[in-house]
Amino acid sequence: MADKPSGLVQGTLDMLILKTLELEPMHGYGIAMRIEQISKGVFQVNPGSLFPAFRRLERAGWLKSEWRDTANNRRAKYYVLQALGRKQLKGETREWARQAAAIARILEAES
Amino acid sequence: MSLLRNLAGGLRGLFRKQQVEREMDEELRGYLDAAVNEKMRRGLNREQAVRAARIEMGGAESVKQRVRAASWESLVETLWQDLKFGLRLLRFSPAFEAAAILSLALGIGANTAIFQLLDAIRLRALPVKNAQELTEVRIAERNGATGAFVSRYPNLTNPMWSQIRAQQQALSGVFAWGPTSFNISPGGPVHPVQGLWVSGEFFGVLGIVPERGRFLLPEDDRAECASPGVVVSHAFWQREYGGDEFIVGRKITIEKHPFEVTGVAPASFYGVEVGRNFDVAVPLCAEPTIRSEFSVLNRRDGWWLTVMGRRKPGWTMEKASAHLRAISPAIFEATLPSEFDPGDAKHFLGYKLGAFPAGTGISGLRETYEDPLWLMLGLGALILLIASANLAT
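In the order they appear, the protein sequences are chains X and L.
Numbering that gives the first Met the number 0 applies: residue 0 is where the first sequence begins, and numbers increase by one.
Numbering that gives the first Met the number 0 applies: residue 0 is where the second sequence begins, and numbers increase by one.
Among these hints, one or two may not hold up.
If you want the ones that stay clear, here's a sample from chain X, every Cβ over 12 Å from chain L, calculated [what the hints assert, rightly or not]:
| # | residue |
| --- | --- |
| 1 | G10 |
| 2 | M14 |
| 3 | R55 |
| 4 | E57 |
| 5 | W95 |
A partial selection of chain L residues facing chain X, derived with a Cβ cut-off under 10 Å [said to hold, decoys possible]:
| # | residue |
| --- | --- |
| 6 | A59 |
| 7 | V62 |
| 8 | A69 |
Keep in mind that the hints were calculated from the coordinates and are not lab data.
Think of the CB as a built atom: it goes at the ideal place given N, C-alpha and C, for glycine as much as any other residue.
Build out the structure end to end from the sequences listed, making use of the hints.
See the structure below:
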């Protein structure tokens with residue numbers, strides 16, 4: 000682990016979940032692991048915020064859930080990205096890039 | 000679409016609670032198992048792995064609680080639980096329960112009663128079509144007048160009414176009316192009823208359809224007044240004549256003079272005065288016959304009429320008022336009572352007509368009681384609020 004795990008910026012968890020599911024449907028633990036791995040441990044997502052987020056995204060129509068068998072023959076709830084979610088992800092990514100660039104500019108100007 | 004899905008999901012959560020809960024349990028268990036496996040793979044023994052995973056997860060119940068809180072149906076559920084709890088508590092203290100219900104009932108009842116009064120005298124429109132077009136023409140800020148006042152609403156004189164009718168252009172139709180009381184007994188004890196003096200345009204401009212016969216027309220309201228007819232209200236027809244089939248054409252004695260009934264007004268039409276229903280309506284021209292030596296019809300200082308009309312399309316109240324202001328000097332010049340002394344005459348000639356909304360009718364009750372009623376409604380609401388606050392604590 001490179002750094003101490005840090006808290007997620009408010010509202011970015013949804014975006015990260017959508018991004019993680021862009022590749023393939025996954026179950027809850029898989030999503031948590033993937034976010035942790037790709038961020039090199041910077042973000043550790045705990046179930047207390049992950050599952051409410053699933054419920055929220057599902058209600059918004061961005062995700063769909065279905066029960067599937069896992070690799071080791073267990074049943075798990077898989078989350079599948081929907082067309083609406085894909086659109087949302089695109090929009091949020093664009094917005095994020097815009098804001099990040101703006102913040103970077105401001106920080107550079109200050110120093 | 001999204002709203003619909005949200006609603007459907009929520010309803011599923013409410014009505015198939017068991018299943019949704021089971022699925023959530025299974026999902027969380029699966030998550031925990033996966034976490035334990037992962038930790039064992041990294042070299043912890045089973046016991047350590049389970050402990051670590053549990054700590055990470057932070058209690059399945061609290062996670063479930065947070066998932067539930069993410070959706071709207073949890074609100075409904077909490078509300079329902081609170082309600083059940085409240086009802087259970089109430090059963091243990093019937094005295095408090097009675098006091099609570101009684102004070103709420105009183106508070107709500109008082110509010111409803113006051114609001115009904117307000118609605119009747121202030122808010123409800125007259126039972127005629129397009130009531131919002133109705134406009135009253137009267138002198139703005141009259142500040143006193145000289146002469147004979149022979150009505151509850153002595154706004155204008157008959158000569159003024161003739162001038163207004165001839166000169167105004169803001170209204171597509173105008174009519175004049177005045178309330179009065181008639182004795183309809185042919186002899187013996189007095190039998191008073193609510194009467195209306197109406198100009199020939201009254202029913203036509205209001206746009207009411209007679210239930211029987213025909214209404215008074217401008218031809219019925221000519222100076223010679225050859226055959227003055229009378230229109231009776233539905234209530235009067237039922238009350239005094241038992242709904243007689245052949246009411247049209249019958250004679251009614253009004254102040255000892257016979258009048259022929261020309262028509263019956265529909266039950267929904269009570270007049271233009273809120274809080275007082277008319278019984279019989281006679282044309283203005285019959286006034287000298289009925290009042291004989293006390294007639295004010297042709298007196299320039301006899302105040303007894305109210306003038307109303309329908310605004311033409313595209314005429315706002317302001318535009319109509321401006322127009323009436325503009326024609327005021329000529330009108331008051333032409334109707335100045337000759338016997339006025341210079342002071343009275345100067346005051347008279349300074350009058351300005353204005354247009355005022357009349358869609359909710361005319362009401363003496365309103366002027367007297369509107370403000371106190373609003374105040375009472377406010378007080379009633381406050382009391383209800385206090386009662387609620389009292390009960391909540």
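Now the hints, each set against the structure:
1. G10: holds (14 Å)
2. M14: holds (17 Å)
3. R55: The assertion about R55 (chain X) is violated, with a minimum of 5 Å to chain L.
4. E57: With a cut-off of 12 Å, E57 (chain X) comes too close to chain L, as the shortest Cβ separation is near 7 Å.
5. W95: holds (22 Å)
6. A59: holds (8 Å)
7. V62: With a minimum Cβ separation of about 5 Å from chain X (threshold 10 Å), the hint on V62 (chain L) holds.
8. A69: holds (4 Å)
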